[in-house]
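Undergrad: With the sequences and hints as input, model every part of the structure.
In our numbering, the protein residues as written are 1 to 107.
Because the hints were derived from the structure by calculation, they are not lab data. All figures in this text were calculated on a predicted structure; none of them were measured in a lab. Beta carbons are placed, not taken as given, at the ideal position from N, Cα and C, and that holds for glycine. Wrong hints could be hidden among the right ones.
Beta-carbon label-pair distances, calculated as ranges [as the list claims (entries may be wrong)]: (1) Leu62 x Arg34: 19 to 27 Å; (2) Trp80 x Asp37: 28 to 36 Å; (3) Leu42 x Glu85: 14 to 22 Å; (4) Gly39 x Gly70: 25 to 33 Å.
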Amino acid sequence: TFDGFTNHSCEPNACSIDSDDAPDSLSYDMYAKRDIDIGQELSVDYATYEYECHAHPIEKCLCGSTKCRGSMRGFKHLTWDEKIEIMPHAYFSLLEKFVGETPNLGF
Numbered sequence: 001t002f003d004g005f006t007n008h009s010c011e012p013n014a015c016s017i018d019s020d021d022a023p024d025s026l027s028y029d030m031y032a033k034r035d036i037d038i039g040q041e042l043s044v045d046y047a048t049y050e051y052e053c054h055a056h057p058i059e060k061c062l063c064g065s066t067k068c069r070g071s072m073r074g075f076k077h078l079t080w081d082e083k084i085e086i087m088p089h090a091y092f093s094l095l096e097k098f099v100g101e102t103p104n105l106g107f
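TA: Below is the structure:
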């Protein structure tokens, strides 16, 4: 379990696990997306659990990744290709909202 102050990266090394406790808590269960070196900062992609970042959008992302999207305003504002790339790691509730607000998905 990690605290809710994990930094954002457009190419994170960890993912937060969707949990009923997450909205009311500042602690999250996480898993590594790849090997993480000792002392390396843990990072997550906020767009995997923030549909829209009204309270804390990142207008200029400074994650330093070669895949940096330039900003982080939430899943809703990603390109179609970016959404497809992170969907396997996104919270189910976020995906439900996306499907509900997106006509003509063809399901």
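Undergrad: Does each hint fit the structure? Answer for all of them.
TA: A quick look at each hint next to the structure:
no.: 1; hint: Leu62 x Arg34: 19 to 27 Å; in the structure: holds (21 Å)
no.: 2; hint: Trp80 x Asp37: 28 to 36 Å; in the structure: holds (33 Å)
no.: 3; hint: Leu42 x Glu85: 14 to 22 Å; in the structure: holds (20 Å)
no.: 4; hint: Gly39 x Gly70: 25 to 33 Å; in the structure: holds (28 Å)
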